[in-house]
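Chains R and W, in that order, are what the protein sequence lines are. Going by the working numbering, the residue at position 329 of the first sequence is 329; the numbering climbs one at a time, nothing skipped. Going by the working numbering, the residue at position 298 of the second sequence is 1298; the numbering climbs one at a time, nothing skipped.
Derived by calculation from the structure, the hints in this document are not laboratory data. Idealized CB from N, CA, C, for every residue including glycine. Do not take every clue at face value.
What the hints assert, rightly or not - Restricting the straight-line Cα-Cα distance to at most 27 Å, the calculated cross-link-like pairs of lysine-lysine (DSSO-like) are:
1) Lys1245(W) with Lys253(R)
2) Lys1014(W) with Lys1002(W)
3) Lys114(R) with Lys1014(W)
4) Lys256(R) with Lys1002(W)
5) Lys1161(W) with Lys1205(W)
6) Lys114(R) with Lys1245(W)
To be verified - Taking CB as the label site, the calculated pair distances span:
7) Leu22(R) with Thr1016(W): 18 to 28 Å
8) Ala98(R) with Asp1180(W): 29 to 39 Å
9) Thr271(R) with Lys1002(W): 34 to 44 Å
10) Ile264(R) with Lys1379(W): 40 to 50 Å
The residues making up each chain are set out below.
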Amino acid sequence: MRGLNQVAQITLINLRTIPQRLGTSLVVVIGIAGVVGVLVSVLAMSEGFHHTLASTGRQDRVIILRSGSDSELSSGVARDQATLLPALPGVARDPRGAPLASAEIMVMVDLPRKGRTDPNNVPFRGVQPAAFAIRDELRITAGRPFERGVREVIVGRKASEQFAGLDVGSRIAFRDSDWTVVGIFETGGDVHESEIWGDAEVTMSAFRREGYQSVTARLADGSDAAVAAFRGSVSHDPRFSLTVLREPEYYAKQAKVLSTLINILGYTVATFMAIGATLGALNCMYSAIASRQVEIATLRAIGFSGAPVVISVMIEALLLSALGGAFGGALAYLYCNGASVSTLNFNTFSQVAFDFRVTPALLLQGFLWAVVIGAVGGLFPAIRAARLPVTVALRTL
Amino acid sequence: MKYLPLLWAGLFRKKTRTILTLLSIFVAFLLFGLLQAVAVAFESGADSADAKRLLTTARYSIIEPLPISYLRQIERVPGVQGVAYADWFGAKYQNESNAFPVFAVDPKRYLDMYPEFLIAPEQREAFIKTRTAAVAGKRLIERFGWKVGQRLPIGSEIHPKADGSMSWEFDLVGALDADDPAVRGNTDVVLINVAFFDEARQSGKGRTGWYIVRIEDSARARAISAAIDAQFTNSPNETKTQPEKEFAIGFAKQIGDIGALVSRILAAVFFTILILTGNTMAQSIRERIPELAILKTIGFSDGRVTVLVLAEAVLLLLLGSGFGMLVATGLLPTLNQATGGRFPPLFVHPSTWLFALGVAVTLALVIGLPPALRARRLKIVDALAGH
């Protein structure tokens, strides 16, 4: 009990003198805020990218590609195969009995980012009418859906935010064709929001294609057994040479390279910054101790023991770093939460747009890093303060 | 120079503090070296571009094929010296999509177009003469443990053979290398002889992905580009021709502004360093006020004391940054080995050294100036009386 009292007393003295040492204390706070801010921002980018790809697709939906293809761009599904697939057993049907399968074509169109002129590969998807019933998460947020047989498109929310000339009513020229943007859609933040959608037949003739690239279907039963059965009926059918992938499986593959890259970058930067900040915190706490050497020696001379001194210094370091951590997290949240970026996904060779996501888990992670930095930065100076012989410390006066 | 021992003594007056400060500067510049290398790698395509090369692609999307008949038409455009072409193969190797790029090329035309790719003369001959030949970058050969002379099985995701099979096999007859590390990343590629490829593929015969055009005079790049594109306007396959450098910059921009991201991170790092080191420096000078007063007493002018304090900051930053950059330079080859050639080769560009020097000196001046001015204004009597 007496020990606890001592700790409380010394800590109070320490904290009350912070205003006199404001410069040094602020340095610890700002240094750690910088580290946590960068750490959280970089990881928020990775988190956002992951969220975009992870939330794409549902367990009961499959994408059918040419056997051996890993992406729609390199795949091809001939017209006759595309007409046979919806009739297969296992494909869900709408109330009127039409199969929920959409043969789709994927092309790349060049569009500049807003305020720039350099072209970017923006994915353009031609879909069949069933696409809307299959992906029932799709909502038109402005305008209306495109009409069949007409050169009209709807644009994903993120594509319209990133790229120039994709607002409702604007006209875009691809190839020798002129298209009108008639609507903006949302699909809950997944990759389709980076795309432009038009009617499959119109797209095919405008881009002079002869076949589709993929077929997306909703299955009546999304269980593993049902998907395996469907896969079996496709692979055993000699008319097809196709691969069946569950949507989440397919989109996870698409994300692999880019998310590895973002993670490596994020953690490398954060680790180095944390090392730097720990050194900085050590330095600041050492100088804080050095400037109070006499004070600490006096305390020990009048009967305070070493342990409370160590603990009180640690408490001060932890408080300062926690403050820095909270400050850094808040900065990252204010500065980049929801900020939207787009980059080239190497797997699909097309642009994918995503938002920075500063999640509570990331904020907690940043805060923990701050506390660890503070603990390491405070421990050694604290031990040194407690170890220094009283006589030596007082003689420096 | 003769003050170096004095500066050194001042710096290491408190060893722990200076070593900690040096280490944090070291870490910051190590990070600087590494991140700049990444930024350079993403932009190196533009650096290694040849001003006398143009690229002709389909106007609306670079993945659309162009007819091979364009070759003769482009060759006839005045100012054009040579034309090569290449087509996407869409490689799948050991079940990994796009493990490396594979281009189907006319060997002689392509190798003539890229003289910076080094290949042994007899291997070059074999590549030109063998219809099923392939050559690969040296880094790729090392990464996958291939041997020149072996059969190379590569799947295609785009092109089935006439029998519908997607598995292809080529004879690896040579290795590509480059002297310039910025170019070496471009050799991470497998080139296959188009003669066999075009004959054996099921569809897309008589088409190619893009053309590479060599021109006599880089100053006429725009005019010649326009002349090439004018030949094909209103045809079903319109083209877009641009200097190689512009194409590379455009491609790097597709990835997004890596440079801007890196500079934002580094700005945060250096701001933190500025605050930390500035505080340490100010404290160090505060503690040494009597010593500075003594220097003035024995005849050092105000100016000389100011310069001494500034020089101490410069020395601190130069030591820390130099060491950080050295370690970054030394670390990158190991890192390149560790990633197994999966990423473009990273290296510290000479310009990064200059950049680092600039940053270090600027930081030193910003950090050193306030204490230096304080030392300059110091009154001997007051300073000595304080203690």
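**Request:** List in ascending order the numbers of the hints, as given earlier, that are violated by the structure.
**Result:** Hint check: 1, 3, 4, 8 and 10 fail, others pass.
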